[in-house]
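Peer 1: Chain A is already provided as a structure; the job is to place chain B with the ligand on it using the hints.
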Amino acid sequence: MTSAVTSGVAALINDRDTTKVLVTTDASGVPHAAVTDFVQCGEDGRILYFEPLESSVANRNLTASIWFDRQVSIALRTPADERFHIGARPLRALVAGPAFQRHYDAFRARFGDLDLATVWVLQPERVDDQDFEQARRRQAEDRPFFQHLDRIARHASP
Amino acid sequence: MGFAQLKDVAPGRREFNETVSGHPDFPQLIALKIDVQRRGVHYTDQALSMVDAEIHQLRSANIFGTRDAVLRPQLPDSLLLRDGTSIVVDPSPLDHDPYFVDLIDGRLFLVDAGEVLEEVDLWHKPRFYDKFTRSGIPMNLVAQARPQRINLFLSSYCHFWAKDDGGCKFCDIVNFGKQQKSIFAGKPNRPRPADIAETVREALRERGRFTTFCITGGSVLKGGELFDVEVSHYIETLQAIGENFSTRKFPSQIVASAFNERQLSRLYEETGLSSYTTDLEVLDERLFQWICPGKAEHVGYKEWRSRLIRAVDIFGRGYVNTGIVGGIELARPHGFRTEAEGLARTLDEAEFLAENGVSTIHTVWVPRPGSTFGDQTAPSLDYYIRLAKGLHALRVKYRLRVDFDDYRRCGNHPDTDLARLL
Ligand code: SF4
Chain A
1 MTSAVTSGVA ALINDRDTTK VLVTTDASGV PHAAVTDFVQ CGEDGRILYF
51 EPLESSVANR NLTASIWFDR QVSIALRTPA DERFHIGARP LRALVAGPAF
101 QRHYDAFRAR FGDLDLATVW VLQPERVDDQ DFEQARRRQA EDRPFFQHLD
151 RIARHASP
Chain B
1 MGFAQLKDVA PGRREFNETV SGHPDFPQLI ALKIDVQRRG VHYTDQALSM
51 VDAEIHQLRS ANIFGTRDAV LRPQLPDSLL LRDGTSIVVD PSPLDHDPYF
101 VDLIDGRLFL VDAGEVLEEV DLWHKPRFYD KFTRSGIPMN LVAQARPQRI
151 NLFLSSYCHF WAKDDGGCKF CDIVNFGKQQ KSIFAGKPNR PRPADIAETV
201 REALRERGRF TTFCITGGSV LKGGELFDVE VSHYIETLQA IGENFSTRKF
251 PSQIVASAFN ERQLSRLYEE TGLSSYTTDL EVLDERLFQW ICPGKAEHVG
301 YKEWRSRLIR AVDIFGRGYV NTGIVGGIEL ARPHGFRTEA EGLARTLDEA
351 EFLAENGVST IHTVWVPRPG STFGDQTAPS LDYYIRLAKG LHALRVKYRL
401 RVDFDDYRRC GNHPDTDLAR LL
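Those protein sequence lines, which keep their order, are chains A and B. full-length UniProt numbering numbers the first residue of the first sequence as 1 and each following residue consecutively. full-length UniProt numbering numbers the first residue of the second sequence as 1 and each following residue consecutively.
So that you can see chain A by itself, here it is in the shape it has in the complex (with noise of 0.2 Å):
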């Protein structure tokens, strides 16, 4: 399956500066958000979310979504000010194995002494560019019923 990722969006997934927001949702769909640093883009186009905690609301709710086949989304902000948000899926929890052990290490020699309790593999499903300005003139292009009169009065009050 060829990844809704380019390599572009996975640099930025990767650039430590880049501000990663993770949403899930709970078994009954109420939402969580959670800033995080734990998330990498691999080189097949998958997006790995390391939880370093077995009872976070992150990890129960992908947990969810696993079992319910539910989305999952990742915003993200450069610091070039570029968002994207990517939906997902959660394809796998490594939870044991050579796989895991290698991230453990790996997590662990990056982070210090914090646990590793899942590698969540996530299938990207899809990419949308979230520029705020383009965002802005295509809905004025598109939709022009939205907006206020008063931006558009001729004699605006002050």
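Source of the hints: derived by calculation from the structure; they are not laboratory data. As the structure is a computational prediction, the values presented were derived from the model and not from experiment. Where a beta carbon is used, it is the ideal one built from N, C-alpha and C, also for glycine. Worth double-checking, as some hints may not be accurate.
[Stated by the list, open to error] Distance ranges between label pairs, derived from CB positions:
1) B:F245 - A:V21: 31 to 39 Å
2) A:E141 - B:K397: 53 to 61 Å
3) A:A33 - B:P188: 50 to 58 Å
4) B:K181 - A:A11: 56 to 64 Å
5) A:G42 - B:L421: 26 to 34 Å
Peer 2: This is chain B with the ligand only, laid out in the frame that chain A set:
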């Protein structure tokens, strides 16, 4: 046997699909695990061609036996699903309608009636399996592994078996112990503390490999008070393990007899033990007397239950549980006549225990040839889904954790797999 032949008949597949469609709120991966445990597995020759004894964990020394009375140590131990769920499962004879594990494009899949269902991983062998203690014992005969847990079996003999018909009727510990003797010839009857300490030290060298210990064995009735000798065995084992830790307590579980408060306090105070399990096996006094005659005679149902509840004062809420062999309450001829009755009675009693801080966890009953109930059949998949859901709902209602016996620290209880959502 070709899959095409199976396709026309596949009642198992029909039951699975009909059952899971009736439980949209229950994870299909856990339903699949239950069903694989109910029916067992058959590894195709192609699947076995990629099993590598250097990498994969083959069937290790164990406490309870096989489903076909033949121990084949060259077969893989068990399986992992893609969500991290363990399926602790034995190979099953073909006439028991097992799931197949087959090799497709270089990867292993569960296959049923020709339908490719889910990719599976084999368990990986821990590094300590290839090492020897200074006394010359292979470490894999001192301790055994699950994907994230170290198991220690203190004995393959249960003193309830000393009397005819004293052992639990679903249990094959003694018969299986004899069978294992020829295969795992160097296995000590009870591992020595020095060998345990050394094996654990070696196991802990492998980073990210283990999260807990489970220590168990048959009941030992001897001592000044009933079970005193068994308690001493656990204490010396836990102390040997504890030599390897910088903390006083470490994640650990014993699955043992029903100890009194003095014995439990000793275990808590003198060792690093952090949780306690003693199995009622069946949550009904009348059936307990029939199915577990040794336990009934020496302790009794009500006293066993009350020892569990008293253990909560020592180990804390969420750190004491009792195991039941799910489905045994329907055993013939004295079990409940309907699944509805069996479920209602079991959940009712589990609720009483939960109110008192004790969790109930279930296994999937595998009628083993070496047990009195060897020729019986386990109940339906629907029954197990309702049982797992019911026990999980009690933990939600009474805010009971079961961290020490969950999907990762054990992996043999469908109901505690659901605790990943707690
Ligand atoms: S107490 Fe019962 S289940 Fe446990 S080992 Fe003895 S006979 Fe088997």
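Peer 1: Each hint: holds or not?
Peer 2: Structure-based check of all given hints:
1. B:F245 - A:V21: 31 to 39 Å: holds (38 Å)
2. A:E141 - B:K397: 53 to 61 Å: For A:E141 and B:K397 the Cβ distance comes to about 55 Å; the hint holds.
3. A:A33 - B:P188: 50 to 58 Å: holds (54 Å)
4. B:K181 - A:A11: 56 to 64 Å: Between B:K181 and A:A11, where Cβ atoms are some 60 Å apart, the hint holds.
5. A:G42 - B:L421: 26 to 34 Å: For A:G42 and B:L421 the Cβ distance comes to about 27 Å; the hint holds.
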